[in-house]
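Novice: Heads up: the sequence shown is residues 140 to 447, going by our numbering.
Treat the hints with care, since some could be wrong.
Calculated cross-link-like contacts (lysine to any residue; reagent style SDA-like; alpha-carbon spacing at most 25 Å) [claimed, not checked]:
| id | residue 1 | residue 2 |
| --- | --- | --- |
| 1 | K326 | V314 |
| 2 | K357 | Q370 |
| 3 | K243 | R303 |
| 4 | K243 | I335 |
| 5 | K326 | Q370 |
| 6 | K178 | N227 |
| 7 | K326 | E274 |
| 8 | K326 | P266 |
| 9 | K187 | K243 |
| 10 | K178 | I167 |
| 11 | K178 | V234 |
Pair by pair, the computed Cβ-Cβ distance ranges are [said to hold, decoys possible]:
| id | residue 1 | residue 2 | range |
| --- | --- | --- | --- |
| 12 | K243 | R303 | 20 to 26 Å |
| 13 | V353 | L225 | 38 to 44 Å |
| 14 | Y361 | L235 | 17 to 23 Å |
| 15 | Q228 | E203 | 26 to 32 Å |
| 16 | I167 | K243 | 56 to 62 Å |
| 17 | Q228 | K300 | 17 to 23 Å |
| 18 | I377 | R401 | 28 to 34 Å |
| 19 | Q220 | K300 | 37 to 43 Å |
| 20 | Q228 | W196 | 34 to 40 Å |
| 21 | P266 | Y363 | 55 to 61 Å |
| 22 | H270 | S237 | 27 to 33 Å |
| 23 | A254 | P194 | 20 to 26 Å |
| 24 | A356 | L230 | 30 to 36 Å |
Honestly, the hints are just simulated from the structure, not real lab data. Glycine residues also receive a C-beta, built at the ideal position from the N, C-alpha and C atoms.
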Amino acid sequence: MKYVKLFYAYIDRIINQYLIQISLALFIGVGSLLLLWPKVVNIVPAGKVAVIYRPLWGGVDMNEIFKEGVHFVFPWNTFTQYDARLQNQVLELEVLTSDLLKSKVKVVYQYEIDARTLPLLHKYIGPDYLHKVVEPQVISIIRSRVGSFSSDKAFTSDIQKVVREIAITSDRILVDNISPPGLESVKLVRISDVEITNISFPKEVEEAIEKKMVELAKADGYKYILEAARQEAQRKEIEAEGIRKFQDIVRPGLSDNYLRWRGVEATQSLATSNNSKIIIFGSGPTGLPLVLGDMDKTIIPPKVGKGN
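Could you put together the complete structure from these sequences and hints?
Specialist: See below:
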């Protein structure tokens, strides 16, 4: 117990003697920890990856890629994060069509980095790779491809072929133009899709183009009308030919006696009905009976004027 008391007494004397120095050291230590904490502790959120730059050990670490989670590094190293998810970028450009008409084009394209080659991207291009290499290449290809169309063709389905070509060409050019020195066909950034969402011209031009498209549609419609009329004429011609052949077939059997007999049969059938009627026989041996129905009404003769 005696030695314990002596120890505590010694500690108390030291604290009292060096209180200012100890307080200052604690203040500096806590302050340094607070300042260096963001540099020492790095959290990589979901969907991101990171690389590290070590100024004392060879610069960018080409072998280590930091994935999601908490990572501790020395405060003098630089920890840089990149978004590894598929991203969208919208561009609004003014381009000239092949007939020198100024148009506005709205383009949406998707891009993403290749996480496996992230150290190369960071070493040779940096975090601003979108505005340094991707966007200028896409703009250049869009201007050249859309500019190859005339103003009226820009409203047709042919523009979709250009869209697919822009996506393929942009991806290939990025591989060719931003490959690191000494390496070939290294894919650092990938463009997966390009869509032209809107093409607009001055109002007067759009109205003229729309009117032209309407007239073209009407002209195509007239083709179908003429074809329908031609087919109807053919139908009537075939029908008339059938009637003619029918008449040629039945004409030899239409004798006077046969027609007279058919007329008598028709008269007998009408005579058996309950309606009042008058039957008048034609004169001569070939006269057929004529049936007049609805004769029960009184016929009033017309008045004769005076002086007649």
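Novice: Run every hint past the structure and note whether it holds.
Specialist: A quick look at each hint next to the structure:
For the hint pairing K326 with V314, the CA-to-CA distance comes to about 5 Å; that is within 25 Å, so the pair holds. The straight-line distance between the Cα atoms of K357 and Q370 is roughly 20 Å, inside the 25 Å bound, and the hint therefore holds. In summary, the hint linking K243 to R303 is supported, as the alpha carbons are separated by about 19 Å, within the 25 Å threshold. For the suggested pair K243 and I335, the alpha carbons sit about 11 Å apart, so the restraint of at most 25 Å is met.
The suggested pairing of K326 with Q370 is violated, with an alpha-carbon distance near 61 Å, which exceeds 25 Å. For the hint linking K178 to N227, the alpha-carbon distance of about 30 Å lies beyond 25 Å, and the restraint is violated. Restraint check: the Cα-Cα separation between K326 and E274 comes to about 16 Å, which is no more than 25 Å; the hinted pair holds. With a CA separation close to 16 Å, the supplied pair K326 and P266 stays within the 25 Å bound.
Restraint check for K187 and K243: not satisfied, since their Cα atoms lie roughly 35 Å apart, outside the 25 Å limit. In summary, the hint linking K178 to I167 is supported, as the alpha carbons are separated by about 17 Å, within the 25 Å threshold. Using a Cα cut-off of 25 Å, the hinted pair K178 and V234 is violated, with the two alpha carbons roughly 46 Å apart. The beta-carbon spacing between K243 and R303, approximately 21 Å, falls within the hinted interval of 20 to 26 Å.
At about 40 Å, the CB distance of V353 to L225 agrees with the hint of 38 to 44 Å. Hint check: Y361 to L235, Cβ distance near 35 Å, so the stated range 17 to 23 Å is violated. A hinted range of 26 to 32 Å for the beta carbons of Q228 and E203 is consistent with their spacing of about 29 Å. Remark: the range hint 56 to 62 Å for I167 to K243 is upheld by a beta-carbon distance near 60 Å.
Range check, Q228 to K300: Cβ separation about 22 Å, and the 17 to 23 Å hint holds. With their beta carbons about 29 Å apart, I377 and R401 fall inside the hinted range of 28 to 34 Å. Restraint check, Q220 to K300: a C-beta distance of roughly 38 Å satisfies the suggested window 37 to 43 Å. About 35 Å separates the C-beta atoms of Q228 and W196, a value consistent with the hinted range of 34 to 40 Å.
In this structure, P266 and Y363 meet the distance hint of 55 to 61 Å, their C-beta atoms being roughly 60 Å apart. The hint said 27 to 33 Å for the Cβ distance between H270 and S237, and at roughly 29 Å that hint holds. Evaluation of the 20 to 26 Å hint for A254 and P194 yields a pass: the beta carbon distance comes to about 24 Å. Under the hint 30 to 36 Å, the C-beta atoms of A356 and L230, about 32 Å apart, fit the expected range.
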